[in-house]
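Q: For chain A, the structure is supplied; the task is to place chain B on it using the hints.
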Amino acid sequence: MRVLARSLWYNTTLGIAMLLGRFFMIIPILAIAGNLAAKKHVPESAGTFPVTGPLFTVLLVSVILIVGALTFFPALSLGPILEHLLMGAGKAF
Amino acid sequence: MTTTPAKATAMTDRKILRHAIIDSFWKLDPRLIVKNPVMFVVEVGAVITLVVLVGNIVRHTGGYWFGLQITLWLWFTVLFANFAEAMAEGRGKAQAETLRKARAETDARKLRADGTIEVLASSKLRSGDLVLVAAGEFIPGDGEVTEGVASVDESAITGESAPVIRESGGDRSAVTGGTKVLSDEIKVKITSNPGETFLDRMIGLVEGASRQKTPNEIALNILLAGLTIIFLLAVVTLQPFAMYSGAPQSVFALISLLVCLIPTTIGGLLSAIGIAGMDRLIQRNVIAMSGRAVEAAGDVDVLLLDKTGTITLGNREATAFHPCPSVTEGDLASAAQLASFADETPEGRSIVVLAKDKYGLRGRELGPHNPTFIPFSAQTRMSGVDMDGKEIRKGAPEAIARYVGERGQVVPPEIQQQVERIAKSGGTPLLVSQSFRVLGAIELTDIVKGGMKERFDHLRSMGIRTMMITGDNPLTAAAISRQAGVDDFLAEAKPEDKMALIRNEQAKGKLVAMTGDGTNDAPALAQADVGVAMNTGTQAAKEAGNMVDLDSNPTKLIEIVEIGKQLLITRGALTTFSVANDVAKYFAIIPAMFAGTFPLLGTLNIMKLRTPESAILSAVIFNALIIIALIPLALRGVPYRPLGAAALLRRNLVIYGLGGVVAPFLGIKLIDIFVTWLHLA
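Protein chains in written order, with this note's numbering: chain A, 2 to 94; chain B, 71 to 751.
The following block holds chain A by itself, in its conformation from the complex (with noise of 0.2 Å):
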């Protein structure tokens, strides 16, 4: 059974999933922005942890990306990933 996406069931629902997406997300953020800024200045030493530097972006970088792809892997292979599959095999919508 295939339902459009047209429709008011669809419409109103991923309207709603986009309100939260967008907006709610600004609400955690926030929080954490606050509690880093008030954490007390800890001056540098051998022990500190150098947060400029090719380390620290291969780090950041990969923690988004492996974390970012895990969350939305199953969504984005039914989706997009069997699109492109499909598509090869000559397959398009």
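Do not take every clue at face value.
[As the list claims (entries may be wrong)] Pairs of lysine-lysine, DSSO-like flavour, derived with a Cα cap of 27 Å:
| hint | chain 1 | residue 1 | chain 2 | residue 2 |
| --- | --- | --- | --- | --- |
| 1 | B | 519 | B | 426 |
| 2 | A | 92 | B | 678 |
| 3 | B | 460 | A | 41 |
[Stated by the list, open to error] So the derived label-pair ranges between C-beta atoms look like this:
| hint | chain 1 | residue 1 | chain 2 | residue 2 | range |
| --- | --- | --- | --- | --- | --- |
| 4 | B | 311 | A | 13 | 44 to 52 Å |
| 5 | B | 415 | A | 45 | 41 to 49 Å |
| 6 | A | 13 | B | 285 | 37 to 45 Å |
| 7 | A | 45 | B | 300 | 46 to 54 Å |
| 8 | A | 7 | B | 317 | 41 to 49 Å |
| 9 | B | 300 | A | 81 | 27 to 35 Å |
Hints were generated in silico from the structure; no laboratory data involved.
Using N, Cα and C, we set each Cβ at its ideal position, and we do this for glycine too.
A: This is chain B only, laid out in the frame that chain A set:
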């Protein structure tokens, strides 16, 4: 010095294993497992699959074999995590058992107010009671010696068989219940009520009964719970997607995916890591009053070390004689030795020994000379002997200068120069005079313990600054701190100065660790983030600190810091490993779920797993077995290397991050080959 309190650990390994297996089933109790959100989700998943499986059997739907295997492996996952925790607790329990034996009921001789003696059971003693303990008797409770000196066997607590001296007054007055008096009789004032003694607390700590989650553990638990919720949402929303695409999924596949994604590896091993960290401390004879202190030790920036006994050997030793131009070295040595015969201090004895070693001056027959020994007194700051009408004296330079000055004599300028040179080089000068004439100077030197420089270099490479605390003058302190290789020093330190120093460092956002044993150390021990009290110290010091070192070895702070760091690193490494594992599990499960409806998604099956069932089953089996495989690492801890934070992180990221991505691809493929070979799926 490194004997463990409970030699039981080695012999009871098999017993611990048996207990741990039984305990892992008891720990299935949902009221216990709910404290661990990740494992709780797995258990709920296992219950759901079990219910669905039974429902399928009742309704004869077929395909039980796959459902049964998934259900079993989900239960194994929970059991393995319980087993890890039970194993870690087991060793502590074995130690608690030996400690309990030391707590056995004894008779106590209580001294009544009227001076009579009443014999009663040790468990009836209250704080404030006075008891008499003679040679051969057990001390009935924790307390302070108020009268007498005795040698005490504390091996029940410390594992150290050499007896220790406990005496009234001073910093060696504390006694522990359950230890045995070997000689003499002491009067002890009991300071704890039954059930609150040091031994009771120790038993509680090693058993893990009083274990509370530390701030770091709580933070990590929040992160793990957060990840669990995210993956729960990812899996729950997958079903509508799948239904929309016309490929609805079975409960077994969905719950398998969920359990594989949530961080079960670290969730299952988290409490085992914490307990094992405490246990490693106990094996080094350090009792931590809270896990919080162990974690703080891992983050320490500044280490305060007392000079005497920690950096230098306890006492100064005579190392050279510097005579006046008109006096031979032998005469000076002879006079110095005579003046020191009655001096029982270690410094005095070292002068006698040096004179003997260097000039062959042995114990002489002093009887015919009619000697009168003058003991050291704080007023004169001199000691010596009167014999054959001669007054021989030895003492601090200012004291001798005043003493000869009264007879119109002065200290020769050559000797004055020597005195200044000795003081600048970190030594202590003493002058010797005979018949009011200065013969020369004795040089006493602080002996820096061997290997200290390396240990401090080691600490520096870990990013920890060491500071020496001493009552010496700044000149001497500077010389010794240079010799020992510490980063900084606090000279002429009073207890208030120590407090001020700690507060100052803490205000800069640093964590401070220190050791101490005296009552005057207690405020600073309480203020420091990690305060290690020596077991030989006073009750006040032990109460104020958050760790007690049973060996009373101040350099152990270095090992405590390493254990703390190791604990934090182990947690971080296994969390990274656990999350990195998920990548491979997706590539196993997602293509398997939709292979039937969309064979094209087989492109994602990069491991080329045989069938959809074997792929899902292999991922679940890998997820369960990796917990068992990592138990030894969780208990032992990730090997610690003294490198800077960046180098250490880079190393561990390669091993546990990159390794965590790669390992499950190999592991799941291997299990798949095995599962197919056995025709399990």
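Q: Now tell me if each hint is right for this structure.
A: Structure-based check of all given hints:
no.: 1; hint: 519/B / 426/B; result: 24 Å, holds
no.: 2; hint: 92/A / 678/B; result: 25 Å, holds
no.: 3; hint: 460/B / 41/A; result: 68 Å, violated
no.: 4; hint: 311/B / 13/A: 44 to 52 Å; result: 18 Å, violated
no.: 5; hint: 415/B / 45/A: 41 to 49 Å; result: 46 Å, holds
no.: 6; hint: 13/A / 285/B: 37 to 45 Å; result: 44 Å, holds
no.: 7; hint: 45/A / 300/B: 46 to 54 Å; result: 33 Å, violated
no.: 8; hint: 7/A / 317/B: 41 to 49 Å; result: 23 Å, violated
no.: 9; hint: 300/B / 81/A: 27 to 35 Å; result: 20 Å, violated
Hints 3, 4, 7, 8, 9 from the list above are not met by this structure, while the remaining hints are.
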